[in-house]
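Participant: Here is how the chains run, residue by residue.
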Amino acid sequence: MIIGLRFSSLRQTHWSEYLLRFGLGGFVTAAAGAIAAAWGPLTGGLFLAFPAIFCASVTLVEKHERRRKERLRLAGDRRGRDAAALEAYGTVLGSPALAAFALTFLGLAERNAALAFVSGIFAWVVIAVGVWWFRKSLFWLFGPCAVARGVRARPAAKRRSL
Amino acid sequence: MQDYLIRFVVGGAIVSVFALFGDLFKPKSFAGLFGAAPSVGMATLSLTLWTKGAHYAAAETSSMVLGAVAMGIYSFAVCQLLKRSKLHALSAATGALFLWCCVAFAMKWIEFG
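Just so you know, the protein sequences line up as chains A and B, in that order. Using the working numbering, the first residue of the first sequence is number 1, and each one after it goes up by one. Using the working numbering, the first residue of the second sequence is number 1001, and each one after it goes up by one.
Only chain A is shown next, with the shape it has when bound in the complex (with noise of 0.2 Å):
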């Protein structure tokens, strides 16, 4: 699938959920701030990559594939949590991306500080849609809309002993 901009999901989110979000957002970073206070920049850096907005995310997107199923009058409770699971996994895949974010940041801080925010946010850029492209890239060959497709050859069935 061609990545695309949905513009109805916006008209889906309640103002509430936005507000979720922002005093989500803001108590971890507040919080990531006190703890480094505490207990150092070692262990209040672990909290830079706390999965903060992720709680939210995953439970509206839930909620709203649910919604979307139930105004049809059939039970979206399974086609929630499948949506919730793709989410979860499009952030396993942006995981690696966070850590190149942190690493070139890492790199370059103690040069020149905009150059290593600006670096940061590219090779975060770069990474994460590499590998969801990548990962793509594999399922498109190797999955089984493939075989289909014929770009690849179905399987053999195996044969039953007698």
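Calculated from the structure, these hints are not laboratory results. There may be inaccurate statements among the hints.
What the hints assert, rightly or not - DSS-like mimics (lysine-lysine), calculated; alpha carbons at most 27 Å apart, straight line:
| id | chain 1 | residue 1 | chain 2 | residue 2 |
| --- | --- | --- | --- | --- |
| 1 | B | LYS1086 | B | LYS1026 |
| 2 | A | LYS136 | B | LYS1028 |
| 3 | B | LYS1108 | B | LYS1052 |
| 4 | B | LYS1083 | A | LYS69 |
| 5 | A | LYS136 | B | LYS1083 |
| 6 | A | LYS69 | B | LYS1028 |
| 7 | B | LYS1026 | A | LYS136 |
| 8 | B | LYS1052 | A | LYS69 |
| 9 | B | LYS1086 | A | LYS69 |
What you are looking at is a predicted structure, and each value in this text was computed from that prediction instead of being measured.
With chain A held as given, fit chain B onto it using these hints.
Facilitator: Relative to the frame of chain A, chain B by itself:
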């Protein structure tokens, strides 16, 4: 106190922007990339650079790498919990936070003592 208030506002704003991008993009697996965006990192590091200097910020990012590895393991665990059990997203995501803490602190202990 003022420092924490600034952190709250800047952190909330940057996290909200990345969350908005996550809502906007499709497919879902691509939108999920924004769950691992360096939003808290960007907010904290920009304020740390301003108040405590580059050396302190660099020390924070050295353990942020370990946090990112813990984030990968955590989100994989949440994905598996959602696929293999009947847990709701909120229960799975909050329950697995314990795993993030264990992995992150264990790696920090191994790496830095």
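Participant: Under the criterion that the straight-line Cα-Cα distance not exceed 27 Å, is the pair LYS1083/B, LYS69/A satisfied?
Facilitator: Given pair LYS1083/B, LYS69/A holds - Cα atoms ~18 Å apart, limit 27 Å.
Participant: Within a Cα-Cα threshold of 27 Å, do LYS1052/B and LYS69/A meet the stated pairing?
Facilitator: Judged against 27 Å, a Cα distance of about 50 Å means the pair is violated.
Participant: Please verify whether LYS1086/B and LYS69/A have alpha carbons no more than 27 Å apart.
Facilitator: Given pair LYS1086/B, LYS69/A holds - Cα atoms ~18 Å apart, limit 27 Å.
Participant: For the pair we were handed, LYS136/A and LYS1028/B, check the Cα-Cα distance against 27 Å.
Facilitator: holds (13 Å)
Participant: Do the alpha carbons of LYS136/A and LYS1083/B lie within 27 Å of each other, as the hint requires?
Facilitator: Roughly 20 Å separates the two Cα atoms, so the pair holds.
Participant: Is the Cα-Cα distance between LYS1026/B and LYS136/A 27 Å or less?
Facilitator: holds (14 Å)
Participant: If you draw a straight line from the CA of LYS69/A to the CA of LYS1028/B, is it 27 Å or shorter?
Facilitator: At roughly 16 Å apart (the allowed maximum being 27 Å), LYS1028/B and LYS69/A satisfy the hint.
Participant: Hey, LYS1108/B versus LYS1052/B, does the alpha-carbon distance stay inside 27 Å?
Facilitator: holds (22 Å)
Participant: Holds or violated: LYS1086/B with LYS1026/B, Cα cutoff 27 Å?
Facilitator: Between LYS1086/B and LYS1026/B the Cα gap is close to 25 Å, so the pair holds against 27 Å.
Of the numbered hints listed earlier, the single one contradicted by the structure is hint 8.
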